[in-house]
Amino acid sequence: MADAVFLALSVITIGSAIAALELRSLIYGSIALMGTLGGIAGFFLLLDSPFVAMFQIAVYVGSIAVLILFTVMLVKRELIFKKIEDKRRKFAGIGLMLVLMVGLGSVILDSGIKSITTDEPAVDFRDIGADFLTYYWPALILMALILAGSVTGALVLARREDVGNEQRAN
Amino acid sequence: MLEISSTPLVIIAILGTIGVILPIISIARKETGSNSFYAVIAFAALIVSIGYVAYQFVTEHVLPSALFSEDVLVDDAFGGFFAIAMLIVAIFTTVGSFNYMRKQNHPAVYYSLILLSTIGMVLVAYSTDLVMLFVAWELMSIPTYVLAGFMKRNPSSNEAALKYFLFGALSSAIIVYGISISYGLTGSTNIGEVIQGYSTLDPSFLPLALLSVGLFIAGFGFKMGLVPFHMWLPDTYEGAPTPITTLLAAGTKKAGFAAAIRIIILGMVALNLDWTLALGIIAVMTMTIGNIAAIMQKNLARMLAYSSIGHAGYILIGLAVAPFSSMGIQGSMYHILNHAVMKGAAFIAVGGIVTTLAVTNLDKLKGLGRRMPITSLGLVISLLALAGVPPLNGFWSKLMLFGGALDASSSLSWAPWLAIAGVLNSALSLAYYGWIMRKMYFEGETEKRVSEPKSVIAVMIFSMIFMVALGVYPDPIIKFVEMASPTIGLGITP
Amino acid sequence: MMSEEKESIETTEKQTPADKKPAATKEVDLPAFEKGIADKIVAKFGEKTKVAFVKPDRVRINVDKENVHAVAEFIRDELNFDHAESVSGVDYPQDKEIEVVYHLGSYTDASLARQVLVLATRAPREENPIPGNDGTKLPSLRDIFYSVEFFEREVFEMLGVYFNGHPDNRRLLLPEDWADLPPLRKDFAIKGR
Amino acid sequence: MGTATGIIKALNSGIKHIAIKRFTLRYPEEKLKFVGDGYQFDPSTGVGIAGLKGRHMLFHDHCTGCQLCSIACEGVAEAIAMVKVPDQQTQNKKSIMPQIDYGKCVFCGLCVDACPFYALYMTNDYELSSFSKEGLIYTPAQLAVKPYVTQDSEIKITDRGATHG
Amino acid sequence: MSVIAPKFKFSEFVKSILDNLFWFLLIFALIGVPLVQIILFYVEMPVINGELLTPFLALTWLADPSRTLPILKAFMTTDLFRIAAFPGFGFAALLAAGTIFVERKMLAKLQLRVGPFYCGKIEGILQLMGDGLKLLSKEIIIPAKADKPIFWAAPVIFVGAAAAFVALIPVAPGWVVADVDVGLLAVFAVIGFFPIITILSAWSANSKFPFIGGIRALHQMVSFEIPLILSLLGVVILTGTLNLSEIAASQSAFPWIVFLPVGAIVFFITILAELERIPFDLPEAESEIVAGWLTEFSGMMYGLVQLGTYLKLYAFAALFVVLFLGGWNGPMIWPPFPEEIITKGIEAGPITVQIPGLPLFSQETLNGIVWFVIKTVGVIFFILLPRGVFPRIRIDMLLSLGWYKLIGMAFINIFIALGLLYAGVLGPGGML
Amino acid sequence: MSNELIDFVLVSVALLGIGIYGLSVKRNAIRMLFAVEIIINAANLNMVAFGRFLPHSGGQTLALFSIAIAAAEVAVGLSLIIVAYRMYQNIDIADFRSLKG
Amino acid sequence: MFGFAVAAMAPALIISRMISPRKKSNPVKFLPMECGQVPSGEGRTHFMMQYYAYILMFVVFDVMAIFLYAWGSTILELPKSATLPIIGFLGIMFAAMAFALYQSGRRNIW
Amino acid sequence: MTTELPPGLALQKVDERIMTLNVGPQHPGSGHMRIIVQIDGDYIVACDPDPGYVHRGEEKMAEYRNYITNIPHLERPVIHDSCNILYPYVLGVEELLGIEVPERAKYIRVIASELNRCIYTMYWLAIYGIFLGHSTMFMWPAGDRELLIDLMEKMSGARVTHAHFVPGGVRNDLPPNFEDVCLRQVNYFEKRIKEYAAIFYDNPILIARTEKTGILSRQDAIRLGTTGSVLRASGVDYDLRKKEPYDVYDELDFQTNVLKEGDSYARSKVPWLDMMESCRIIRNALEKMPKSGSVRVKLKPNPKGGDDSVYKRVESGRGSLGCYIVSDKKPEPYRVKLSVGSFRNLIALPYLLKGEKLGNMPSVYWSLNYWPVEADR
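Chains as they are written, first to last, in our numbering: chain A, 1 to 170; chain B, 1001 to 1494; chain C, 2001 to 2193; chain D, 3001 to 3165; chain E, 4001 to 4432; chain F, 5001 to 5101; chain G, 6001 to 6110; chain H, 7001 to 7377.
Just so you know, these hints were derived from the structure itself, not from any lab. Be a bit skeptical, because a hint or two may be false.
As the list claims (entries may be wrong) - In silico DSSO-like cross-links for lysine-lysine, where the CA-CA straight-line distance does not exceed 30 Å:
id, chain 1, residue 1, chain 2, residue 2
1, B, Lys1030, H, Lys7212
2, D, Lys3031, H, Lys7243
3, H, Lys7212, D, Lys3033
4, H, Lys7191, H, Lys7243
5, H, Lys7212, E, Lys4105
6, H, Lys7260, D, Lys3133
7, C, Lys2186, H, Lys7329
8, D, Lys3009, E, Lys4405
Whole structure, please, built from the sequences with the hints as guidance.
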């Protein structure tokens, strides 16, 4: 059975995931998202993968969340608070979620992974580096291309072309 | 072990280098350079790449199809086939953009992103590892998010990009989830080992395996435009810049099929009973809804988008019957190639119309046949080909698809219905294609001819030759398809 | 110097049209260079200007408000005075006039480095001033001497002289909600004095 | 000059100054020495005598109650008021003498200049603060007291800087 | 009636002191003692002399002072001690407080001033305590429209994040709070939190100047994180580990600054920027934006932010020491002591003098700590020095510096390290 | 390992469900991005959990790739959102009406 | 450590709150700092610095930098040929960085 | 008042991106004034200086006091430079009353004026240092300034508001031994300010920060009527001590410092160079000064001016300082107008700040040698 740390982490993670979507203020939503990401990092630590956990915190919390937070702050204040949304749609969404969760959960609980544990030592993080550079090296190159493409594209998108004519009314 | 001269690596080298260097060149030219300069470079790079692929085919350096390797990439005929299709689409896009991007900012980045996306599309077809496939998939997707929103002044472009981005991100997230489950079940990300893993799967894990298949179908389905996952597609195709729509409709969509064939059809062939029916139902739904919705459209781009959804349905027929009929998957691949050319040509034609006349509404296309004769001719031929009118190439691929469906009827009792649905839908599609032709040629008063963009004309002529010639003499391409298509034996059952 | 000064005093109160021209009568004793400056203006504008005094390094010209713009333009273009050192307003309640004095200097012309040309003009004075909306108006010299901008704003708020053509006639020093008389008028009394 | 040398020069200058002598005056313990006893004025020559313009000192035996100091102060600070004093001097029949409000005084010394009888001087006492406004008003009797101020500190300039000592 | 404080009455003063004393005793008796018991109960006390140290035994030192030493020794091996006192919070806070004092005095010397002088009689040594008490007793003002939860939480979390950073620093062999296998990455992860806290607290104050300051802080920290990360890669390449203790231990022969001076310079500059110290204190540039993101903080909130800042300063300086200056490595300061001196102390006639610390730590550890502290203080001095020498630079200059020059230099450093490795100078089988 | 694989997978499934819910209900672009991030994280968690229990390094590798790709994706997506905000002064997808559908 | 610090420092705030004076008398005291003026406009506005590009770049290059650590920490155990992919990786990233720095260096477009 | 706003100065229409910042009056970087700054991100799009927070109506007050009692309050606007701000007034009154000043008094005035200029400039420099975030540059000038303040205290008896100049000379003669002390302290002072070079004026960070910011071209400097160090930093060689020498400046040996660049750095460097020149002037004046003699002409108790107006100007620490006195045969002046350098330089602020970065605001603002209290009067 799960231990206390695990339970606490899962409560934090799932709770803040719900909060990220449901809190009225987008800023608090972003903070809650950080909670989720941090919780996932905690799971990674539980799973003996500190490299991924630290990568998760450094990249996800340290940069992606910052970017999200900053972008949220760029948005006008009244828009940070969302409009009241369609009730029916919300219930439909909750229904979909429940169906999905229950369905998937039962599928998983039904399957053979129910009682898998392991006593083998965890993978050393150096193996990951070795993986990167030997087996996955084309993927690493592609990764660089992705990063290059995304930074190029994002900068070209986010810059202003013509300051005078930029604010275009709807 | 991957050789350094294997096709995917060479394509990465050529296109990647050019794609990365193009923005640098634009810095060196202080961003004042004209569009054509970068277009020519990109075009040359694409031609060189397609030449290299063809050279590899000719010199028979290519491995037989669907041979899985120990590496993340394999230089096989299946990948080569898709590489040729994707590169043709990319060439179409580049040439079509030549005119479209004339007045726009940042042409260098535009072409660079097209090249990067092309690498991604090609590599999706070549990859034999789930991680590699995922990375290539993202390399294909992320530049297209930017490209779809490249017209920053245009609200619809931005909206299209935003919707496309959100659903694209969702699709990739779902794919990662699927990959994670299949990785968990089989203990490896290499597709070859995944196949082995699945064939020796403990029955208690079967539900999870099905879950992963479902997630893969959903994830790829978002890109392919299958019906429950198609809601972003018309908006994006309408709003995005037309050359990019070409890339999306003819390129990334086909990459989705490539990935689906790699992973679902081949990788999870052991589970075929479970997904064939699902694919069949999705196929019928997709083609029906796509074609019916296409009839109701007033906008040419949007209509073609729905028609593209319909065609995804046709292609899916082949995938659905693939385990039971080798003709099915051949038909799919044949249709993929044909559809890439046909749809590419159609969208490039639309792009030409948009840039010269600034209309996309069907009602305003009256008399187009006299105003832009070559473009309209190309459009008409591609529409006819799309509808599957006999002397054109679309006919043969559809014939193969439906034939494959009938062929599989011995194993699958419901397979003939797929063929019937396909034929009915083709007839239905002929209706709205015909309506466009009527608008173009038989309505409206005579108007002066406007000068058509040369790049569009080039694409039109090439594609017309392609469609007509291969329609009249389809033998070589069928041989090529047969060589490239993976053989999945009828005998393989769980 | 002192005797000269006494005689050349031309108080502004006495300046009626019929008055004599003291600078002209004593021209023998006057410094020549400064006299030349005054003469140039008189030669150009004649009766429209009155040379109030000519002292070492200081020449004073009195102009009425219709001509001040033209005279100032002439001073800038022909006499090479390029900036205003100071603009001061002086209230003369008994004349029902407010005098605005421009002290003009030159940076560019080395021969004029010592000189200060005093250009004075007068605006009618209202008993109950509504700054900006009454008759106390003068043409602004901001388009000629850019440096008068803040000085004219100050004169406007301190004496209520509105400068036509000044682009920014706002308060400068006084608080935004100042509702009393312009404080440098003689009828604005300090409490207890 | 290159950037690096400039930075090194600046750092070097900073470190060097850690050891330099500082001339902070530790005020309540040390007080700066000033010239003379205070500012005085010699009406016969019309010239003052240099000195610190601190608190005033009133010589009762010189004061005639002429109010010139008060008049001089009128336009400046209005700190001087003429008050009745009990003891009558021969030359001061009205028995009025200046009383100075140091809450208002600006220490300009014009009152000293105005006094034609050597009655009002300024001293070098500048520590006048008080907890109440009333404590700042110095009556003639208080003004007559000569302050005792110890001021011994002077600026000394040596090779290693300037110090107070 | 006193002149200094006219309203002061001695009786009331005594009464208030007695009141406070009473309440303190009551609260301590009701809450404090059980709390101590609970803490002692949860802290896993090790076995001494064959018997398990129970909370009861732990409290016997109150009755028998001779038991103090073994209990202290036992307590020192617990996690709580590590976190709260020695390599952790207490040690760092002490050094941070010392840093504040040294900064004030040193800056005063540099600027030809005197600095803190009166408080504590000896050169104002108690000034810091006075300031702390002052901050503690000041009113906390929260702006009207502030986002209160974030605004309250930000200083505390700031200190917490700084403390988490401190936790990763190895002080002496084996003396580290959190010995993470990927310690360097953990450092980067912790550093990543500071911009978030900054921007959130700035945003929550609902005021313009903090907002601008927060955005500046965000840009600054974010821009200098990449050169920071890259400048340390050289060390990692040469040592092949991410564990800070191992990195420190690897420098027993020579510190890495000998081979990677470029990286050390880059890292030092990024330290200055991450700490928001002059010349990079743009987020608090008072002549432009009042006090930047600290504008609305008052009282103890400001005090906590200051504490966090100086904890961070200590942590960065210690990181520099660990990575480039050899950590605790250094020659023995004094010759090894005979065993009996360590255990029993020096017998000087009738009196036995215990050498403080010696019975608790081994001599190597003490030596390491001393070297570590000396090096850290040296680095702190060089971190403090620019404040007196340089003016503040501008945000665009700062960003250009970070993105153009420092990243370039960091890559040069990486290539130097690679060159050293592949040329066979360093690394396994290398010449050194 | 004191924890079982199933626990992690269940948490991951719960996060997947929350993400799907968020995507289907929310119409604010940034919130939809949150939902996508949550799904990606769920997948990563799955991946690392499977990788731990196999044990195999591929799971962690894929998680690293996926995090990195998410970073690239977010950069692009937020740029798009900023462009949209500049154009519409709004980030609510439901309010974007330039395309019918 | 984090938890301990929070637990140790939160009481400081609470004590401070307890012993410090609290007077609500003057509402001006609680206004945000606006240099003595009554605040005008919002404190949190749509405020975009010209340096937004750097944050975008950070998100991407941070990933790059930490990816390098996966290589750097294993370089001693890998053959020398394993450095080649990293050189390709770095080459591509340098090109991207050149473009990004050029774009972000042009302040007038942000 | 009026709604019509000027093209150059008007605050732009506030759109989404633009934030309005009140810099001042309670701001570490404003002095006693308010600068309304509109920023677009990091760039200033418009700036509106709003002085007047310390307006005391000195000119109005001067109309109610006689020529002598005007002295203590007219020096209040710039208490650090109180001799210089009294100088034109005293010169003007002397011309009105027709007084010839003794030679020794003229030298004492020049010495006091130069000492005051240095005191003011050191104070200005200290604040310039702290505006740039250079705290050492705040402390050093603030400390070294004490040397000169002590000298002024010895000379006049007060540390800042000396009230030392009166029509007809100075209040009192120099104290004994003043020359030696003055020479010694001025020499040390000069040595000290030369040490500022390493840490401040040659500091590469400072140069990078202030060079090429807020450039005021020569034409603009003339057109805007700037004065003093601002003018001289823009390449106009105009120093009233040379151009229109008053008292004994024409007998002294000194030069004016002119820099061509017109940026903040040049504007901050000119006063520093001027201080060295001041030291030279003081030494020179101490040499040439008559060793004894009268220092003050005895005046009638309540002198009345003629029916005249005079305009006198001197070079103060902030540039040309003009005093326009209208007299109408009464003991009180009819009108006193101070035309001060700060006020004249303020006009350049909106021009210099437009398009600058926010970080340059303090340096450009303070490099204008602007003293808010003087501008407000």
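For each hint, the structure was consulted:
1. Lys1030/B - Lys7212/H: This hinted pair holds, its Cα atoms lying about 24 Å apart.
2. Lys3031/D - Lys7243/H: 43 Å, violated
3. Lys7212/H - Lys3033/D: 46 Å, violated
4. Lys7191/H - Lys7243/H: Measuring from Cα to Cα gives roughly 29 Å; hence the hint holds.
5. Lys7212/H - Lys4105/E: 36 Å, violated
6. Lys7260/H - Lys3133/D: 55 Å, violated
7. Lys2186/C - Lys7329/H: Holds, because 17 Å separates the two Cα atoms, which is no more than 30 Å.
8. Lys3009/D - Lys4405/E: Judged against 30 Å, a Cα distance of about 21 Å means the pair holds.
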